[in-house]
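Based on these hints, arrange chain X on the given structure of chain H.
Note that the protein sequences, when read in sequence, are chains H and X.
Quick note on numbering: our numbering labels position 23 of the first sequence as 23, and the sequence is numbered without any gaps.
Numbers given in our numbering equal positions in the second sequence, counted from 1, plus 1000.
No lab work stands behind these hints, which were simulated from the structure alone.
Among the clues, some could well be false.
Unchecked claim - No farther apart than 16 Å at their CA atoms in a straight line, the calculated lysine to aspartate or glutamate pairs in the EDC-like style are these:
1. H/K210 with X/D1007
2. H/K210 with X/E1057
3. H/K213 with X/D1007
4. H/K210 with X/E1010
5. H/K37 with H/D135
6. H/K213 with X/E1008
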Amino acid sequence: MARPRLGAGGQEDDLNIVVCVKQTPDTAATVTVENGKVTWGDAPLVLNPWDEFAVEQSLRIKEAHGGKVTVISLGLEGAREALKQALAMGCDEAILLQDPSFAAADTLVASAALAAALRKLDPLDLALFGRTSVDSDTGVTAAQVARRLGWPSLTLVAAVVAVDPQGRTIEVERMLEEGRQQVRAQLPAVVSVVKEIGEPRYPSFMGIRKASKAEIPTWSAADMGLQAPSPAVTWPALIAPPRVNTHCEMISADSPGEAAAQLVQRLMEEKVL
Amino acid sequence: MEFRISDEQEMVVRMVRDFGQKEVLPIIREWDRRQEMAPQILPRMAELGILGICVPERYGGQGFDYLTLGLVCEELEAVDSTLRVVMSVHMGLNSLALLQWGTEAQRQAFLIPQARGEKIAGFGLTEPGVGSDVAAMASTARRQGEDYLLNGEKMWISLATKAHHILWFARTDLGSAGDPHDGISAFLLETDRPGVTRGDIHGKLGVRAGSTGWVHCQDVRLPAANRLGEEGEGFRIAMSCLDNGRYTVAAGATGLIRASLDASLRYANERRAFGRSISGFQLIQQKLAVMVQSYEAARLLYLRAGWMKNAGLRNTRETSLAKWYATDASFAAASEAIQIHGAYGYSDEYDVERYLRNSRGAMIYEGTSEIHQLMQAGYALGTRKDAQLRCELPAYDPTYWRAPGSAPAGRRTT
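Isolated chain X, as found in the complex:
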């Protein structure tokens, strides 16, 4: 078993850490207060190649593996969750779906500009009235000749106002009485099409320096060539996207635990009480020890999921476990970090209150903690099994990923 990351991955980690610490850390408090995304963030992430980190070079990416994606997410969220959220939607939920399910033409048209960072990508699944109960979605796509007509509203969409492309889910089983899970289809929606309107949501508890919003489609005409996968395959596509999105969330939350731990160690060594450093008190030490435990466990869980992705193994169970554990633990770590900081931790003079606010959302999006518990119990009880997909996420093959070429990447199982 290889527990060491490669020199190459180590250099990527250092580079992304430098970017975060030099360019984002000094300004993040101000943009968090303004509840806006700093305008230079997406262009810089694009320019540095972060937005295409694990996409094969032939599709405009940097050719690194899925483990590197996780390591990058850990580094990004150690600075601010909003940076990792970009990777979750742009890469995890959208670009990797194109790699997994897209036709060659769709990869050429959508994946290449996304991997190069020329186009930003989002994911439209959640609706104002539908969260965990995906199959109950109300958005519709009505077939009209060679087109679909899209109607409906998506809510809590990361990068809603920034994305050029959104992977949009809608019902295509209009009037059918069949299983609603089989009535959903996925579409590659360009947000500059007539009938698309969108806006940001303000007043969120956390990820305030990010963009979260709503997207509305009113009679938006979309060519049938923009449908990802087959008609009725949307639910399975959405769930496969979550296997990748949740992976980035798990890795990011691991970075947030590390940030809470680092901030706590610094402060515990600085702050004195009762004539000594507070790091000498056992109740402080216990909090630090639990953070160390959470960090190490969360990291091992997401690295295993990444290793499985590299190997082309189905990892729904392992990714769900990593995401559930890391997000719950990141909230607990941030809360204890505030406790260690005392009153100072309660103000935004220190970063830990932002960590707490940012950690909370991840216990809701991409499967609530409760959904993950149901999944884990289902696997343990044997009542939940993963059905094979028509297209699985391709295993990482460095030769293929790093060669310019044109052969399709998808690993079709049927």
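Extracted from the complex, chain H is given alone in its bound form:
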């Protein structure tokens, strides 16, 4: 049943949207392990590319229905850059979630922190995520947040078909291996998007100006009423994948048949066949 509510802009249709983003190394970076720590050298950190699609989708919903988009990120000081990028694209406000207890966050810790932030921001209509992050690549944070909040979890969303702020519903297309699945859910809901949503916009110059001046508040675990969570998964040791040395061997023979025979011989010697 529709419940009367007022969104951020004071209009009944206005939607209160949160988009959760992460700062990650650039996909072009070479990630390796040095002295037991993950490193990507001096490659730049960027807004997780999947999250750009989530920002894009949240802005499109806002443009269609009015309302407000708040971008939040769990991370270190550097994550402010990712938040600024989202502000420059058009998000209205940004919040950085930062606490010593988040330092070695696994997805359980991350989802607990994000869910606490969403509760603090309630009343909300939608929380959007990218399908995964390019660094840890677990792809489960959105679903975990939905579970913690008791909201519907709409993952792998390729298109938002309709949002009905009055009827309090959202209809989306999910991208499955078997095809597309059309799903309707009650608001508030968690939505994680795939790249079929559409190309993310560039930041606008006016957005860049706004973002560079933006004061981004920091919320600690205590600010969100969260007991310092402890991770279920830790990384006791990190090792770089062994280097694979390849060498090329040319087979020359007088006839194709002879070459094939030699090739088979070599493959058997190498125990490939």
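Below, chain X alone, put in the same frame as chain H:
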């Protein structure tokens, strides 16, 4: 001394780089071969706000500073010179002239639509028979009551067939025996006026994905209100425009050096010869090192010129030096990039041959390399001095640039 660019400028750079790499890089070879400008380029640059980057917000622009203009030009030319050429003529040679010399009415009528990208702007100085010897121009503007009657032809005009407005220079000292430098006036010409004809030039060595052409005026009637500055002030206006146009050329050529360097680094790491990566050979390394040196020096030179513009300091000498150095160095870098690529660099399978062709024109337009050498020698010898202008380019004032308002921007010195 602050050598770091601001977070805001960093974000602008990233945005313009993304635009170039996503939307232009994948199609540029095809349009270069066709010798046509891709039709979406100007509308997209307008939509993204690039065409008004350093114009005050009150005049329809984005309110960034002159340094940001340079940084944008570097990014654009790292993809293709034709993108930067747009900024040189639309912004450097025309829109900034309106900011510097225009009356409030002229800024309202011309600068606002240009900064918004609704109108494209060009610059008409060079003629079929007149390049470096500007004062010898043959185009005329004959006063008739409240109008001028324009006749003449301009040649090698960037965006000739795209521009809605052209800053047009013509003689108004008809029949006078005075100094020809004092006989030129500047006009804001709308290209849809009766008597204006124009066309593109094909068969150019470079900037083939751009529009370069000719514009002809046959008895074109223009109201006196379209004259920029005073009668006889045209030569000084033209030279002041070049201080801004050359700045964009310098910054762009710096981007071209970087593109040559990046392409060379990639290829040198991929290509193997004599059983090892060619990046291990000292003669290849030397070429890379020289490109690094050129890039850094060119960048520092144009950033200094931009800093001076921001501060409202006259920068004719510094801009000329930046332009001369960067354009010569970009040609050398592109040539060495081809050498590193070997035979592949000679074909358009790789971008470096386009870099070489695109770099060459900038050693001719906006002051040939020879003109810049004469200027630099003149400054060094003390035989050349910059006279103060009636209107100088206004210093960058973020409060003014970023506030909606209506006060005039020009810094009148008299």
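Restraint status (C-alpha distance of H/K37 to H/D135 at most 16 Å) = It holds: about 14 Å lies between the C-alpha atoms, which stays within 16 Å.
Has the given pair, H/K213 with X/D1007, been kept, meaning a C-alpha gap of at most 16 Å?
-> holds, 10 Å
Does the structure keep H/K210 and X/E1057 at a Cα separation of 16 Å or less?
-> holds, 14 Å
Would the pair H/K210 and X/E1010 pass a check requiring their Cα atoms to be no farther apart than 16 Å?
-> holds, 14 Å
Keeping to a limit of 16 Å between CA atoms, is the pair of H/K213 and X/E1008 held or broken?
-> OK: H/K213 and X/E1008 at ~9 Å, within 16 Å.
Within a Cα-Cα threshold of 16 Å, do H/K210 and X/D1007 meet the stated pairing?
-> holds, 12 Å
Comparing the model with each numbered hint stated earlier shows that all of them hold.
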